[in-house]
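Chains as they are written, first to last, in this note's numbering: chain V, 73 to 432; chain W, 92 to 658.
There could be a bad hint or two in this list.
As the list claims (entries may be wrong) - Some residues of chain W that are not near chain V, with every Cβ distance over 12 Å (derived):
#, residue
1, F117
2, A121
3, I147
4, L188
5, S273
6, F291
7, A301
8, T388
9, A446
10, N512
11, L516
12, N543
13, V647
Said to hold, decoys possible - Pairwise CB distance ranges (calculated):
#, chain 1, residue 1, chain 2, residue 2, range
14, W, T542, V, K200, 28 to 36 Å
15, W, G131, V, P98, 50 to 58 Å
16, V, H224, W, G131, 38 to 46 Å
17, W, Q546, V, G381, 44 to 52 Å
18, W, S477, V, A195, 35 to 43 Å
19, W, T388, V, R295, 50 to 58 Å
20, W, K545, V, P98, 39 to 47 Å
21, W, V647, V, G199, 16 to 24 Å
22, W, H478, V, A195, 39 to 47 Å
23, V, E401, W, S477, 48 to 56 Å
24, V, R295, W, Q371, 54 to 62 Å
If you're looking for bench data, these hints aren't it; they were derived computationally from the structure.
Glycine included, each C-beta is placed from N, C-alpha and C at the ideal position.
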Amino acid sequence: MDITLNNVTKRFGSTVAVDAVDLEIPPSSLVCFLGPSGCGKTTLLRLVAGLENADGGTMSFRGRSLAGIPERMRNFGMVFQSYSLFPNLTVEENVAYGLKCHRWGDSDIASRVAELLSLVGVADQRGKYPHMLSGGQQQRVALARALAPRPHVLLLDEPLSALDAKVRRTLRSEIRKLQQELGITTIMVTHDQEEALTMADHVVVMNEGRIIQQGPPAQIYDRPLTPFVAGFVGSMNFLTAVETGEGRFRFAGHELVVDRSCVMAPLKGNAIIAIRPEDVQIARPGAETAHQSGSNTLEASVEWIEFLGGKCLLTLAPSSSQPLTINAEVPARTVHDLKLSVGSSISLSLPPDAFNVYPA
Amino acid sequence: MIGAWLAEISGSSLSTICRSFAGDRFFKAAAVCVTTLLLGLFVAVPIWAILREGLILPDGSWGLGNFVDYFRDPRFVTITSRSLLLAFSATVITIVLAFGYAYALIRTLIPLKSLWRFCALLPIFAPSLVQALGIQFLLGRNGLISNLLGIRIDIYGFWGILLSDMLYAFPHAVLIIITALSVADGRLYEAGRMLGASEFRLFWTVTLPASRYGIMSAAFVVFTIVITDFGNAMVIGGDYSVLATEIYNQVSGQANFRLGAVIGIVLLVPAGLAMLVERQVARRNAAILSERSSPLTLRKHPLRDACAFTYVIVISTIILSVAGIVVVASFVKLWPYNISFTLDHYVTDVQNGYAPLWTSLGMAAITALLGTVLVTLNAYIIEKVSHPYTRVLYFFSVLPAAVPGMVLGLGYILAFNDPSNPVYLLYGTVWFLAINTIFHYHAQAFLIATTNIKQISRTFDEASAMLGATFFRTMTRIALPLLLPSLLSIGLFLFMRAMVTLSAVIFLVSPRNSVAAVSVLLLDDSGKASQAAAFSVVIMAVVLIVAGGFNLAVGVLYARRQERILS
Ligand SMILES: Nc1ncnc2c1ncn2[C@@H]1O[C@H](COP(=O)(O)OP(=O)(O)O)[C@@H](O)[C@H]1O
Ligand SMILES: [Mg+2]
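Work out the full structure, taking the sequences as your base and the hints as a guide.
Set out below in structure tokens:
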């Protein structure tokens with residue numbers, strides 16, 4: 073393992089910013105810390121960087137303890153949220169700065185700076201000052217500066233959050249490609265679940281200073297361990313239900329059949345049943361839906377249609393003993409074929425293996 | 092300086108030491124030691140010397156006996172209450188007037204704002220006693236107005252001091268209140284108007300509450316300036332003795348250092364309290380100022396603007412006429428009886444002629460250069476080395492703000508006029524005057540530096556450290572270049588103060604090394620008011636030319652750079 077954290081804790085006064093975190097980061101992987109704002113992602117990253125001192129726990133890098141090693145001796149590259157390019161130095165001087173700190177020779181510095189500037193694609197901006205660059209260019213320079221001294225680890229704190237959507241998309245794949253080419257162990261902090269899912273080898277979902285779940289992106293998305301992760305990563309319908317038997321639930325006057333593999337934790341009667349909008353299927357009233365089983369089929373009326381381009385988000389109100397709605401994401405084509413409009417009646421069905429069931 | 096010393100004792104090159112891990116800590120430790128030494132020697136020791144002198148009884152034991160004697164003497168009780176009365180009255184009136192002026196400049200649409208701002212600042216460019224000199228020429232025994240109206244106004248005493256101190260404190264108050272009024276949250280005004288509030292109600296419910304800390308901060312600053320001012324009371328006080336002049340009389344007139352120290356401590360209490368409260372208030376003010384808000388757009392309001400314009404013209408006229416009358420009087424034969432032009436008064440017949448002006452210039456140059464370096468290093472080390480001990484250093488860095496010049500000057504005599512003290516080698520030299528001036532104004536310069544250091548983002552330090560830079564490299568390659576513009580403004584501040592300072596250095600000048608403001612005082616004291624005026628005009632001219640030229644140069648040199656740093 074490249075980086076190992078054991079029981080690491082950090083407090084600011086009475087706030088526990090990082091709470092007993094255990095984490096292992098394999099070599100050459102890209103790990104994303106994902107969580108809502110204020111959950112302690114930046115603090116955890118700064119602890120790894122050595123910019124904060126932990127109040128408890130141990131950290132090691134390739135088996136050697138990081139205790140007592142100041143940030144400047146670690147040779148971890150870091151890109152800050154606001155880039156923090158030195159405004160009094162040119163692009164070239166910014167990139168050369170770390171090399172001078174590590175006492176590289178002048179000719180080595182010159183060739184390394186040129187190499188990195190062309191690697192990140194800003195070679196033509198070398199003589200400019202940071203304020204003359206666009207946000208995307210500043211970000212590339214910050215990346216070049218961090219990578220120049222051949223750091224052991226690359227740390228990125230919300231590197232794309234200050235950029236507009238289009239630049240963000242391009243840089244997302246560029247950073248990922250660069251990371252894979254260089255094979256550099258990377259930790260990236262983000263609050264954007266899409267960013268985490270598309271870029272990471274391994275996603276670490278955090279809330280209130282704790283790690284809630286970690287794993288490959290697909291696992292986080294398909295099998296969220298808690299309702300928090302389910303709601304934070306992607307969108308989700310939550311239904312409150314009561315367990316009536318093995319794999320059988322009662323929810324707002326309907327019977328639901330659920331595959332046993334979908335139950336995420338032992339239940340005690342009450343349950344929260346989660347299903348993603350894209351897993352909800354719809355058909356003409358009375359007709360069988362694609363997965364055909366007669367169970368889990370509800371009559372509903374369309375309350376609202378939100379057009380999302382290729383897809384539509386439907387807000388559906390099943391006939392039930394209490395007011396509730398279920399969101400369904402379906403191809404725009406289906407909406408067209410079924411001639412749906414607000415007030416239309418449809419039948420919706422919930423595939424038994426598409427659920428995640430949590431204790432209430 | 093520090094680096095060379097470090098390199099010498101360790102026998103290796105500076106960069107090698109500063110690169111190594113141990114070197115980093117060693118550099119910080121050494122810098123903290125130097126800061127401690129300087130603040131200890133030139134702030135703590137003199138203040139301790141004053142306290143010691145005041146607390147040691149004639150029989151050699153320690154106690155408050157001297158103060159009991161002091162307050163038993165009705166004469167000193169009178170002097171103390173006069174000082175307090177003066178300071179309270181001047182504070183109340185000055186704040187009201189300055190608020191109106193700042194309001195007119197910031198919140199109304201009057202023409203020529205930069206001219207009016209310059210007029211308000213004018214008294215800063217001259218020694219304080221120039222205000223008293225001008226009032227003398229206007230309202231004194233041979234004053235213009237007294238003569239024109241054929242009446243005798245008795246300006247010498249309370250009213251004279253009050254007027255001249257108000258004029259002298261006015262710019263300081265205006266500057267602080269301008270800052271407070273400049274940051275208004277436009278959204279509050281819009282919300283208020285949408286709810287139907289009148290402009291009058293908005294003033295009471297939005298403007299005043301938002302600027303209250305600025306107003307309070309200005310009030311405490313004015314209070315301290317007035318209660319500690321020495322020059323005006325000396326020139327126009329007549330027999331009306333106040334604490335600051337009484338210290339001078341006791342020490343210089345009667346060589347009674349003990350009584351001088353006792354009065355000094357009595358003066359230290361209100362001045363110290365005022366500055367203590369001011370620091371607290373200013374901190375809250377800063378918190379308000381840094382809050383996010385949307386800018387206020389001013390609307391036309393003919394009646395308001397007309398009133399503001401009239402008000403600004405009246406006040407500016409008063410300030411200009413007091414300064415202007417000094418200039419005029421310096422060029423006429425016998426004010427106000429024979430007003431034919433002459434340059435005679437510019438030939439000064441006080442001892443040494445214009446030599447003190449050159450001393451002042453040299454002293455001001457040393458103060459500006461050495462002071463900027465010292466103050467910035469102190470501020471940088473104290474800001475960046477986080478340790479409980481640096482809080483102590485911070486305290487001593489801002490302490491001089493609470494110490495009246497007269498008290499600091501007396502402390503320097505008591506502490507250093509002693510051949511066994513190594514600092515005695517400097518005693519009486521221009522370097523000694525410069526050091527005294529640096530630490531007299533240390534707090535203000537230090538706070539400017541600290542504010543600017545805070546403004547350059549902490550993430551630059553972190554980015555630098557992550558790239559492997561030492562504390563020393565971050566300081567010299569990143570922080571200092573970014574701080575350069577603010578270093579220049581600290582230098583100018585120290586230069587201007589050094590050119591006009593009187594209260595602390597008055598005790599430290601020697602016949603060989605005297606300063607310009609002292610010459611003005613001596614000339615006036617020996618009845619040569621016109622020559623005093625001429626000398627003041629020369630001082631003001633030098634200060635204005637240097638300040639103007641400096642601003643021009645900085646403007647040209649750093650216009651592009653500033654833009655780069657601020658963006
Ligand atoms: N320097 C600090 N001083 C005090 N509290 C802090 C500091 N840095 C972070 N915190 C607190 O720690 C918690 C986690 O902050 P942070 O790690 O920045 O969250 P995130 O990056 O996930 O948004 C927050 O409650 C924040 O207010
Ligand atoms: Mg963050």
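Worksheet entry | Distal placement of W:V647 relative to chain V, Cβ over 12 Å | holds, 18 Å
Worksheet item: Since W:A301 was said not to touch the interface, does its Cβ keep a gap of more than 12 Å from each Cβ of chain V?
Response: holds, 29 Å
Worksheet item: Could one say that the CB atoms of W:Q546 and V:G381 fall in the range 44 to 52 Å?
Response: Between W:Q546 and V:G381, where Cβ atoms are some 45 Å apart, the hint holds.
Worksheet item: Taking C-beta pairs only, is W:T388 more than 12 Å away from all of chain V?
Response: holds, 27 Å
Practice prompt. Mind verifying the non-interface call on W:F117? Its CB should be farther than 12 Å from each CB in chain V.
Written response: holds, 14 Å
Practice prompt. Return holds or violated for the Cβ distance of W:T388 and V:R295 against the range 50 to 58 Å.
Written response: holds, 55 Å
Worksheet item: When you look at the beta carbon of W:F291, is every beta carbon of chain V farther off than 12 Å?
Response: Holds, because the least Cβ-Cβ distance between W:F291 and chain V comes to about 42 Å, which exceeds 12 Å.
Worksheet entry | Nearest-CB test (12 Å) between chain V and W:N543 | holds, 14 Å
Worksheet entry | Verdict on W:N512 as a residue remote from chain V, using beta-carbon distances over 12 Å | Non-interface label stands for W:N512: nearest chain V Cβ at 41 Å, farther than 12 Å.
Practice prompt. Quick one: work out the minimum CB distance from W:L516 to chain V and report holds if it exceeds 12 Å, violated otherwise.
Written response: holds, 40 Å
Worksheet entry | Assertion that W:A446 lies outside the chain V interface [Cβ separation over 12 Å] | Given that every Cβ of chain V is farther than 12 Å from that of W:A446, nearest at about 43 Å, it holds.
Fill in: Hint check for W:S477 and V:E401 - Cβ pair distance inside 48 to 56 Å
Given a distance of about 52 Å, which is inside 48 to 56 Å, the answer is holds.
Figure legend: structure checked against the earlier numbered hints; every hint is met.
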